[in-house]
Amino acid sequence: MQESALFEYVLRLSDDSLILAQRLGEWCGHGPILEEDIALTNISLDLIGQAISLYDFAADLEGKGRNHDQLAYLRYENEYKNVLLVEQPNGDFAMTILRQFFFDAFRLPLYEALMQSPEEQLAAIAAKSVKETRYHLKHTSEWVIRMGDGTEESHQRAQAAIDHLWRYTHELFYEDAHDQSLQAAGKVPSMAEIQAKWMATVTSILQEATLEIPKNNWKFDGGREGRHSEHMGYILSDLQYMQRAYPNMEW
Amino acid sequence: MSTNEWPLWEVFIRSKQGLNHKHVGSLRAPDATLALENARDVYTRRSEGISIWVVESVQIHATDIDEAASFFEPSDTKIYRHPTFYEVPDGVKHM
Amino acid sequence: MTQAEKEIRFQEKIDREIKIEPNDWMPDEYRQTLVRQISQHAHSEIVGMLPEGNWITRAPNLRRKAVLLAKVQDEAGHGLYLYSAVETLGTSREQTIDDLHSGKAKYSSIFNYPALTWADIGTIGWLVDGAAIMNQVALCRTSYGPYARAMVKICKEESFHQRQGYESLMKLCSGTPQQKAMAQDAMNRFWWPALMMFGPSDADSTHSDQSIKWKIKRFTNDELRQSFVDATVAQAEILGLTIPDPNLKWNEARGHYDFSEINWEEFWQVVKGNGPCNKERLAARVKAKEEGAWVREAATAFAKKRAMKKSA
Ligand SMILES: [Fe+2]
Ligand SMILES: [Fe+2]
Chain A
1 MQESALFEYV
11 LRLSDDSLIL
21 AQRLGEWCGH
31 GPILEEDIAL
41 TNISLDLIGQ
51 AISLYDFAAD
61 LEGKGRNHDQ
71 LAYLRYENEY
81 KNVLLVEQPN
91 GDFAMTILRQ
101 FFFDAFRLPL
111 YEALMQSPEE
121 QLAAIAAKSV
131 KETRYHLKHT
141 SEWVIRMGDG
151 TEESHQRAQA
161 AIDHLWRYTH
171 ELFYEDAHDQ
181 SLQAAGKVPS
191 MAEIQAKWMA
201 TVTSILQEAT
211 LEIPKNNWKF
221 DGGREGRHSE
231 HMGYILSDLQ
241 YMQRAYPNME
251 W
Chain B
1001 MSTNEWPLWE
1011 VFIRSKQGLN
1021 HKHVGSLRAP
1031 DATLALENAR
1041 DVYTRRSEGI
1051 SIWVVESVQI
1061 HATDIDEAAS
1071 FFEPSDTKIY
1081 RHPTFYEVPD
1091 GVKHM
Chain C
2001 MTQAEKEIRF
2011 QEKIDREIKI
2021 EPNDWMPDEY
2031 RQTLVRQISQ
2041 HAHSEIVGML
2051 PEGNWITRAP
2061 NLRRKAVLLA
2071 KVQDEAGHGL
2081 YLYSAVETLG
2091 TSREQTIDDL
2101 HSGKAKYSSI
2111 FNYPALTWAD
2121 IGTIGWLVDG
2131 AAIMNQVALC
2141 RTSYGPYARA
2151 MVKICKEESF
2161 HQRQGYESLM
2171 KLCSGTPQQK
2181 AMAQDAMNRF
2191 WWPALMMFGP
2201 SDADSTHSDQ
2211 SIKWKIKRFT
2221 NDELRQSFVD
2231 ATVAQAEILG
2241 LTIPDPNLKW
2251 NEARGHYDFS
2261 EINWEEFWQV
2271 VKGNGPCNKE
2281 RLAARVKAKE
2291 EGAWVREAAT
2301 AFAKKRAMKK
2311 SA
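Chains as they are written, first to last, in the numbering used here: chain A, 1 to 251; chain B, 1001 to 1095; chain C, 2001 to 2312.
Calculated directly from the structure, the hints in this document are not laboratory data.
In this text the structure is predicted, and so the values were computed from the model without any measurement.
Yeah, the Cβ is synthetic: ideal placement off N, Cα and C, and Gly gets one too.
Each hint should be verified, as a subset may be incorrect.
[As the list claims (entries may be wrong)] Restraint-style ranges between C-beta atoms, simulated for each label pair: (1) A/Tyr234 / C/Lys2272: 15 to 21 Å; (2) C/Arg2036 / A/Arg134: 39 to 45 Å; (3) B/Pro1074 / C/Lys2104: 44 to 50 Å; (4) B/Ala1068 / A/Arg134: 43 to 49 Å; (5) C/Lys2272 / A/Ala127: 53 to 59 Å; (6) C/Lys2272 / A/Ser204: 54 to 60 Å; (7) A/Asp163 / C/Lys2279: 32 to 38 Å; (8) C/Lys2213 / B/Glu1087: 42 to 48 Å; (9) B/Asp1076 / A/Glu208: 27 to 33 Å.
Starting from the given sequences, assemble the full structure and let the hints guide the process.
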C-alpha cells in the first residue's frame, strides 16, 4: 500500500513538472524580449531535469522495469496525474507568468517540507529542486509585481490571468487516501500546511503588485484523478508523437 | 523610435572566489533587479560565475580616446616602477 | 590629422593585428560593414531558433528534449551577445531588429528551409551548426574587438551543438532502416542549403575584398565552403550517409574535394524572400515583438514609478 501510495505521489510531482515544462517549451523563440525568452527556457529546463529524477524514482518504486521515458511518453491521458493548472495554455505573458507563479509558490514549501522526508531519495530530489524553485519563484514574483504595478494594460492583463487561473489553484492541495497514508507515516507534509504557506506568499506578492484575489471561489479539479481539460489531448499528441508514430525505436 | 527600449547594462562576473569581477558583456533590463536575474540566465548558463555585478552602461565614465597619449604614455617611461628594473645578486632569495 | 592620415594609421593597426575598440577612430565604411555583418549574424541566431524550436514539444525522449531546449536557448544567447556587439557601434538593438522586420536586413537563408522530421534536428546540428562554426572560428580573430570577443564565447558554446546533432544522427543511422532513411532524407534536403550558408561565390561577393583587407573576414566564402566540404565527407562516411552530389570526389592535385556547382538561382531566390518559410519566420519574429510590447512597457513604467518613489 505504502509503495503504491508513494508511486502515485511521485508520479503526480513528475507529471506536474513535465507538462509545465512542455508548456514553457512552447515559448522558446517567441518570448517578449530575448532576455525573458532565455529565462523561461531556463525554468523549463529545470523542470525537465526534475521530471527525469522524479520519473526515475517512480519507476524504481513501481518495479516493473519501466524507465523515465516510458513513464513520461507512453501512458494514456487518464493515467497522467498532473493538476489542470499546468496544462492550461500559455496565453499571453501574464497568463504564463501567473500560472508559473501560482505553481512555484506551491512547489517551494512542498519541496522544503519533502527535504525532511525519511524517504531518502525523495528528500534528495527535493533538496536539489528547492534551489531551482526558489529562484523561479523569485523571478515570477518580480514579474507579477511589475505587471501589476506597471501600466494600466499590464495590470488588466495580470488581473485577468489571476481571475482565470484562480479556479485551478485549489487543486494543487488535493489529497486522497494515498496522501493520508503517507502523511500518517510521516513521509510527506499535510497539504493544509502547504496551502497556508502558499496563501501567505500569494497574498503578499499580489498586494505588492496592487492585484486582487478573486472573490469568486468556484473550483475546478480532476487532473489528479486523470480527468483532464480538452487541452491535454493536444499536449500529448505533440509529446508522444514520435514514440507513437515510431514505436520501439531509440533516439 | 526607441521609446520603450530598456536601458543597457554592463555585466561583470566573478568566476571564482579570489578573482576580480570581469566584464563579460551587456544586456537590456528595465531595472537592476531584473538586470541581475537576466545576467544570471544569459551569462552563467554553464556555471561561469559565483557573483555578478551589473552597472547601467550610461553610468560608466571612460577615458577619452583622444587623450590616450597624455593619459597613458607617461607611465611607459617609468620603468623604475617594475621589479625587473632592479638587479639583485644571485644569492638573494625570497625577493 | 587628415582623413587620409587617419585611414593609413587605421590600416597599420589592422595590419599589426591590433584590435579596433568601440571608441577608436574607424572609417565610416568599416563601421557600416560591421553593423551589417554582425546584425545579419545576430538575426541568423534568432531566426535560427524557429525551425528547431518547432520540435521542442515533439522531441522523442526527455534527454533529447532537454538538449534541444538548451541548444535553442544558447542561440538566443548568441543573438544577444551579437546585438550587444552591434550596440557598441552606436546602433541600438531595437533599430537593428526593426531593420530585420522591415526586410532591410538579411539573415542566413538556411533558416528559411523547413524542419520536417526529427532527423532534421540532428542534421541541423551537424551540418548547419557545423557550417556556422567553420565561419565563426575564423571570426574569433576578426579585427573588431567586441565582435571577436562575442565570437570566442559563441564558439565555446557551439561545440556542443554540432556534437549533439551528430550523436543524434548516429542513433538514427545505427537504428532501424526507417530511421536510417529518415536521416538520409534529411541529408538530401540540407546538404545544398548548408553549402549555401557560406554565401555567394567569391566572384559574386560584393563586399569580400575590403572585408578581407580590414580583417573583418579572415577567409573568403569559397575558402570556408571548401574547408567545410573537406571536413564533412569523412563524417558522413562514418554515419553511412551519402552526400547528394554525384560529382563529389577527392582531387589529389588540389588536395581538396571537388563538388558540383551550387544552384545559385535557388540561393538568390531564397535570399530575396522566396524560400519555403521566409514569410513564416519573419512573421513569427514580428509577432513576438508586437505581443511583447506591453510587457516591455510595463517593466519600464514600473522602474520609473520606483525611481520616483525613491527620490520623493
Ligand atoms: Fe549560435
Ligand atoms: Fe548553434
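Status of each hint after checking the structure:
Distance hint check: the CB atoms of A/Tyr234 and C/Lys2272 are about 36 Å apart, inconsistent with the given range 15 to 21 Å. The hinted range of 39 to 45 Å is satisfied by C/Arg2036 and A/Arg134, whose Cβ atoms lie roughly 44 Å apart. The beta-carbon spacing between B/Pro1074 and C/Lys2104, approximately 47 Å, falls within the hinted interval of 44 to 50 Å. At roughly 47 Å, the beta carbons of B/Ala1068 and A/Arg134 sit within the given window of 43 to 49 Å.
The hint said 53 to 59 Å for the Cβ distance between C/Lys2272 and A/Ala127, and at roughly 56 Å that hint holds. For the hinted restraint 54 to 60 Å between C/Lys2272 and A/Ser204, the CB-CB distance of approximately 55 Å keeps it satisfied. For A/Asp163 and C/Lys2279, the hinted distance range of 32 to 38 Å is satisfied, since their beta carbons lie about 36 Å from each other. At roughly 46 Å, the beta carbons of C/Lys2213 and B/Glu1087 sit within the given window of 42 to 48 Å.
For B/Asp1076 paired with A/Glu208, a C-beta distance near 56 Å fails the hint of 27 to 33 Å.
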